[in-house]
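Engineer: Could you put together the complete structure from these sequences and hints?
Residue numbers (our numbering), protein chains in the order written: chain A, 1 to 331; chain B, 332 to 662; chain C, 663 to 993; chain D, 994 to 1324.
Read the hints as simulated data drawn from the structure, not as lab findings.
A virtual CB, placed ideally from N, CA and C, is assigned to each residue, including glycine.
Each hint should be verified, as a subset may be incorrect.
In the DSBU-like style, the derived pairs of lysine-lysine whose C-alpha atoms are separated by at most 35 angstroms in a straight line are [claimed, not checked]:
{"id": "1", "chain 1": "B", "residue 1": "K625", "chain 2": "A", "residue 2": "K4"}
{"id": "2", "chain 1": "A", "residue 1": "K144", "chain 2": "A", "residue 2": "K294"}
{"id": "3", "chain 1": "C", "residue 1": "K909", "chain 2": "A", "residue 2": "K247"}
{"id": "4", "chain 1": "C", "residue 1": "K956", "chain 2": "D", "residue 2": "K997"}
{"id": "5", "chain 1": "C", "residue 1": "K666", "chain 2": "D", "residue 2": "K997"}
{"id": "6", "chain 1": "C", "residue 1": "K666", "chain 2": "A", "residue 2": "K247"}
{"id": "7", "chain 1": "A", "residue 1": "K4", "chain 2": "B", "residue 2": "K335"}
{"id": "8", "chain 1": "D", "residue 1": "K1137", "chain 2": "B", "residue 2": "K578"}
{"id": "9", "chain 1": "B", "residue 1": "K475", "chain 2": "A", "residue 2": "K294"}
{"id": "10", "chain 1": "C", "residue 1": "K956", "chain 2": "C", "residue 2": "K666"}
{"id": "11", "chain 1": "A", "residue 1": "K144", "chain 2": "C", "residue 2": "K909"}
{"id": "12", "chain 1": "B", "residue 1": "K578", "chain 2": "D", "residue 2": "K1240"}
{"id": "13", "chain 1": "D", "residue 1": "K1240", "chain 2": "C", "residue 2": "K666"}
{"id": "14", "chain 1": "B", "residue 1": "K475", "chain 2": "D", "residue 2": "K1240"}
Simulated restraints on C-beta separations [what the hints assert, rightly or not]:
{"id": "15", "chain 1": "C", "residue 1": "S883", "chain 2": "D", "residue 2": "G1136", "range": "51 to 59 angstroms"}
{"id": "16", "chain 1": "B", "residue 1": "E518", "chain 2": "A", "residue 2": "R165", "range": "55 to 63 angstroms"}
{"id": "17", "chain 1": "B", "residue 1": "P631", "chain 2": "D", "residue 2": "Q1295", "range": "53 to 61 angstroms"}
{"id": "18", "chain 1": "C", "residue 1": "Q706", "chain 2": "B", "residue 2": "A551", "range": "48 to 56 angstroms"}
{"id": "19", "chain 1": "D", "residue 1": "P1268", "chain 2": "C", "residue 2": "A801", "range": "19 to 27 angstroms"}
{"id": "20", "chain 1": "C", "residue 1": "G705", "chain 2": "D", "residue 2": "R1045", "range": "48 to 56 angstroms"}
{"id": "21", "chain 1": "C", "residue 1": "P822", "chain 2": "B", "residue 2": "P631", "range": "43 to 51 angstroms"}
{"id": "22", "chain 1": "A", "residue 1": "G208", "chain 2": "D", "residue 2": "Y1155", "range": "44 to 52 angstroms"}
{"id": "23", "chain 1": "D", "residue 1": "Y1155", "chain 2": "A", "residue 2": "G326", "range": "53 to 61 angstroms"}
{"id": "24", "chain 1": "D", "residue 1": "E1272", "chain 2": "A", "residue 2": "P159", "range": "47 to 55 angstroms"}
{"id": "25", "chain 1": "B", "residue 1": "A551", "chain 2": "C", "residue 2": "S883", "range": "31 to 39 angstroms"}
{"id": "26", "chain 1": "A", "residue 1": "D324", "chain 2": "C", "residue 2": "A801", "range": "34 to 42 angstroms"}
{"id": "27", "chain 1": "C", "residue 1": "I763", "chain 2": "D", "residue 2": "A1250", "range": "34 to 42 angstroms"}
There are 4 protein chains.
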Amino acid sequence: MNVKHGFALFGAGRIGQIHARNLAAHADARLLHVVDVAADAAGQLAATCGARVSDTAAALADPAVHAILVASSTDTHAALIRAGAQAGKAIFCEKPLDLDIAGAQASLAVVAQAGVLLALGFNRRFDPAFRRLYREIAAGRAGKVEVISITSRDPTPPPPAYVARSGGLFRDMMIHDLDMARWLLAEEPATVFARGSALIDPAIGDAGDVDTAVVVLETASGRLCQITNSRRCAYGYDQRIEVFGAKGLLRADNVPATTVESAGAEGFTREPALPFFLERYAAAYRNELDEFLKALRGAPAQLASGEDGRRALLLANAAQESLDSGVPIRL
Amino acid sequence: MNVKHGFALFGAGRIGQIHARNLAAHADARLLHVVDVAADAAGQLAATCGARVSDTAAALADPAVHAILVASSTDTHAALIRAGAQAGKAIFCEKPLDLDIAGAQASLAVVAQAGVLLALGFNRRFDPAFRRLYREIAAGRAGKVEVISITSRDPTPPPPAYVARSGGLFRDMMIHDLDMARWLLAEEPATVFARGSALIDPAIGDAGDVDTAVVVLETASGRLCQITNSRRCAYGYDQRIEVFGAKGLLRADNVPATTVESAGAEGFTREPALPFFLERYAAAYRNELDEFLKALRGAPAQLASGEDGRRALLLANAAQESLDSGVPIRL
Amino acid sequence: MNVKHGFALFGAGRIGQIHARNLAAHADARLLHVVDVAADAAGQLAATCGARVSDTAAALADPAVHAILVASSTDTHAALIRAGAQAGKAIFCEKPLDLDIAGAQASLAVVAQAGVLLALGFNRRFDPAFRRLYREIAAGRAGKVEVISITSRDPTPPPPAYVARSGGLFRDMMIHDLDMARWLLAEEPATVFARGSALIDPAIGDAGDVDTAVVVLETASGRLCQITNSRRCAYGYDQRIEVFGAKGLLRADNVPATTVESAGAEGFTREPALPFFLERYAAAYRNELDEFLKALRGAPAQLASGEDGRRALLLANAAQESLDSGVPIRL
Amino acid sequence: MNVKHGFALFGAGRIGQIHARNLAAHADARLLHVVDVAADAAGQLAATCGARVSDTAAALADPAVHAILVASSTDTHAALIRAGAQAGKAIFCEKPLDLDIAGAQASLAVVAQAGVLLALGFNRRFDPAFRRLYREIAAGRAGKVEVISITSRDPTPPPPAYVARSGGLFRDMMIHDLDMARWLLAEEPATVFARGSALIDPAIGDAGDVDTAVVVLETASGRLCQITNSRRCAYGYDQRIEVFGAKGLLRADNVPATTVESAGAEGFTREPALPFFLERYAAAYRNELDEFLKALRGAPAQLASGEDGRRALLLANAAQESLDSGVPIRL
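Structural biologist: Rendered as structure tokens:
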């Protein structure tokens, strides 16, 4: 019979709510504690999931808690990872590990010392379409990979207050795409070049950030990757990847709500892309939790590791540095 | 606070298992009893869903059972509907209501007498794409509807033993499409013409049935509907509808597992259609249960009624009669 | 060195103009005479193509004329075919051969007697997409063909005066689809069933014709074909064929002017189908002329024969008879 | 009545043959002379087009020649442009103007001095799909343009001997995409960054060139453009453009030979992209000749100018310099 693994959830916002629902519905998991500085949000979420509201200390002290799920704001990630590791808990942490590479490395050292499992929430690796891309690449369907093109656009720009705390587009948004690039290239990028502009929302420019960016990665063996990000997109959450290789192309397109198409004098109209990550990556969030629970059971699991988190942060930092300096950055 | 409605499930086969899982996961439902002549299947399903194995009498006698879900073989539907109605239970019954129209009418009379809710499991009405077709038609997006074309193909032919008990392609398979036609035309067909052949599996022909069929429906106002069915399809479960009207076309295409596409010298290849109804109509089965539970709560719900079941059976019978006689049948 | 085959063109209307331009541009053809009761139209077309305006007798008497191209109104076809044959000219005639089957047979007898080439202008056989369908079927790509579905919709209804002279939807419009069915099924239909309505233009109904129709064909071996026709279509000239067989599906979709797609909040919009036959079948008209000129040179050529014209007319007549009588017609 | 403009064609290779056929078929043009160092090629082409073989001096001395069409090898462009201009001929020259910017500028000075028309053969501007993109951008359909993504891949790598003379991927191949970027951005790029590798054919690397490249352009106002080129593509000639803006996306996809699709267990397969430029840009070559002939008649015409040729060359040179130096180049 299955043991249900006990979880404490940190963060009762949008992503915390997804994880709470997925934990509540999972046969192998029990959500025990919800921790959030916003007591109302914590209380409401705990109630709907049969969990209780706790503070960090209480949640970490509970021996029934096997794992913590960190979905709180970025600036709390490092402290929670370290505290969780020291309490001997397995850790699932939303990206990014940290905004600061030294801090990230220190956290990983604590995790290594404690010998606990740490998985990063690079949810896109668990999207059924991108997983299939990965498997097809591995199976050689595209031949040797030469160029990867990643398009990633959010539906609407974040509020200025969020931008200020976000670490900037590269660490906050493109970090997902940088992780996809590493994962699909199966080789580390050796140089990063970034260009970016504030074309969408002047407030983003005023905050010192960009809302539109293009990045070029090159690996040691000369493989190339293009990434483009925009903070606003009229036709939904634009999430596409193309992998070009010696034998052809593999690509994953956007996902519509349904396959319904209408036709009239203006032409044939299919539905826009799903609105945002909650919809597009619903299956991905379930799949990543499945994999994490496999790992808790000691079974082989495909997870993004703490080191994956550190590497993606290095790339994001290099992209920011390239944008600031105007030249490519060698890693 | 929500009351959880208690259910007894009849039939632990493929469709019974879908409903059991959906009942188990639903916040407003509790699966209490599983009834099946195959004790093993019943036991296994009951165990995974926290229900108990019962016989019909015990299940219907349990006052905690508010509703029965009939997913057992077609020849048991009539008796279970009548017994459930007489026990005062709400009834959700898989199609068809009956293979015999007199029997169907007698069942409806018992249900009417008992004043209980009866919903038919025309699952396609709850598919997100077909629901959207329905709403768009109602909103006038295609203008006045003139011609509907329904393509419906199973991936592999059923075993001969199943064919013998099935009532034939029209009552067993096309009945779904006939219901879709009625639902989307929003007008009753007045004539039915059918042609069919056993082109796929000679055993189906030997059993007196067809595996390939084409039907034409015409309504009193002259609107037309084409339906084609095949009992085998190389590219998955082919489920498509096109609605042609004065303002243009609305159509729902097949659903692939993912949007991944590969390209090589042979061209651009998208994934085949989802394999069969379990995958294609997973959301539809959840949605129809949602609607049934709404109705149990007394909320407005969109359900296929017993009368819808009777009308679809009339059309299926007429199609069979047309096939047998070679001439169109007027209803 | 190539001999240029001399042509006389009968009919300076829309289709005559296409043929005139294709003849003028063809390395192996010379357009010598244009004959039309409308002297202006004939004069204008002759001028742009370097031909002269003639009457029928003069055109047929010219020994430099090797072939006649009959693109005049349907009621003139029989007389021109017979006169052309008796003058020893090869004949390319637009569909239909005749509106009357006895007349058609008499014309074919004259042609046979004269021993001249007669080709019917079933232009769709020469469309690159439909030709590829044909070749792929022949190559077994779909396996044994079981069901063919043909969708054919004109952009706008013809004027009432045209309808009155047209012979009705089946002989005027669906005859093309009936020919496609014969060609792609590679087996003669044995029964024809038709339903139709005047849903689009009441004037068409007043003229005793239908503007919306569905036909079912069945061959002796039980293969089925569905055809639907509409006389008005909001999204262009809808010309699609699906061929379903043991190994899968082959289909030819509509052709847009370009591949441009736009995306916004309403979704992803591709261009409508090309407006009408002039655009959609531009290549087909060139290809059929090529084949006719091959035949004139004595080379193997793929042409629709007079017999193909007669067979298609038989099917169209049967469809009309089925519509009128309400029952399927056995051929 | 139309005056037919007399042409001398320089170069009887693949592109020269396209232009020869288009000139021969055009109502407003007469091809008088074909000039090529390969006498056989010149003779054969001249024969099929009713022209005569000439040398440069004779062709330019012929007062019946109003325009020259330069489709000979790149190293001859400058001399022919200058000689043509000095002879008072209008000039249509294939890209690139020159491999050397000083040479290009000197040629433009001669043309300006002579006051003759010079048009560059940036054929993609005349492709129906890209023209529609251009018009839709101008009409504001995508809103303010923010990011353009251009994918351009040749089917097979050129022979090493060609690579050596070609000026390199940026001047030989990407120059088309750089022109498209300028044309669609409607603003000059201010910086160019390039990365490239020889991943496809080691002989290309040995020749000091790359076969796979990615370029980022940024305009003064911060708009971005990504371009990727590959010298080999398994699925045909990959020619796609995406324009992302405030109101959504406009894109032009590849063009298949037909719309035929087949489906089987492996999924739904559409045709590959047309094989190469002869097929993909057949209409573009006709359209650009039309525009050039309009200009010869003094009518308003949309042409790529000598200055467009110079600007594209500047961008290609900057891309090469960026590749060589590893840093972005400011223009």
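Engineer: Are the hints correct? Go through all of them and say.
Structural biologist: Hint check results:
no.: 1; hint: K625(B) / K4(A); result: 31 angstroms, holds
no.: 2; hint: K144(A) / K294(A); result: 31 angstroms, holds
no.: 3; hint: K909(C) / K247(A); result: 26 angstroms, holds
no.: 4; hint: K956(C) / K997(D); result: 32 angstroms, holds
no.: 5; hint: K666(C) / K997(D); result: 24 angstroms, holds
no.: 6; hint: K666(C) / K247(A); result: 47 angstroms, violated
no.: 7; hint: K4(A) / K335(B); result: 24 angstroms, holds
no.: 8; hint: K1137(D) / K578(B); result: 32 angstroms, holds
no.: 9; hint: K475(B) / K294(A); result: 54 angstroms, violated
no.: 10; hint: K956(C) / K666(C); result: 12 angstroms, holds
no.: 11; hint: K144(A) / K909(C); result: 32 angstroms, holds
no.: 12; hint: K578(B) / K1240(D); result: 26 angstroms, holds
no.: 13; hint: K1240(D) / K666(C); result: 56 angstroms, violated
no.: 14; hint: K475(B) / K1240(D); result: 32 angstroms, holds
no.: 15; hint: S883(C) / G1136(D): 51 to 59 angstroms; result: 57 angstroms, holds
no.: 16; hint: E518(B) / R165(A): 55 to 63 angstroms; result: 58 angstroms, holds
no.: 17; hint: P631(B) / Q1295(D): 53 to 61 angstroms; result: 59 angstroms, holds
no.: 18; hint: Q706(C) / A551(B): 48 to 56 angstroms; result: 50 angstroms, holds
no.: 19; hint: P1268(D) / A801(C): 19 to 27 angstroms; result: 20 angstroms, holds
no.: 20; hint: G705(C) / R1045(D): 48 to 56 angstroms; result: 36 angstroms, violated
no.: 21; hint: P822(C) / P631(B): 43 to 51 angstroms; result: 48 angstroms, holds
no.: 22; hint: G208(A) / Y1155(D): 44 to 52 angstroms; result: 48 angstroms, holds
no.: 23; hint: Y1155(D) / G326(A): 53 to 61 angstroms; result: 35 angstroms, violated
no.: 24; hint: E1272(D) / P159(A): 47 to 55 angstroms; result: 50 angstroms, holds
no.: 25; hint: A551(B) / S883(C): 31 to 39 angstroms; result: 35 angstroms, holds
no.: 26; hint: D324(A) / A801(C): 34 to 42 angstroms; result: 60 angstroms, violated
no.: 27; hint: I763(C) / A1250(D): 34 to 42 angstroms; result: 38 angstroms, holds
Consistency with the previously given hints fails for numbers 6, 9, 13, 20, 23, 26, ordered from lowest to highest.
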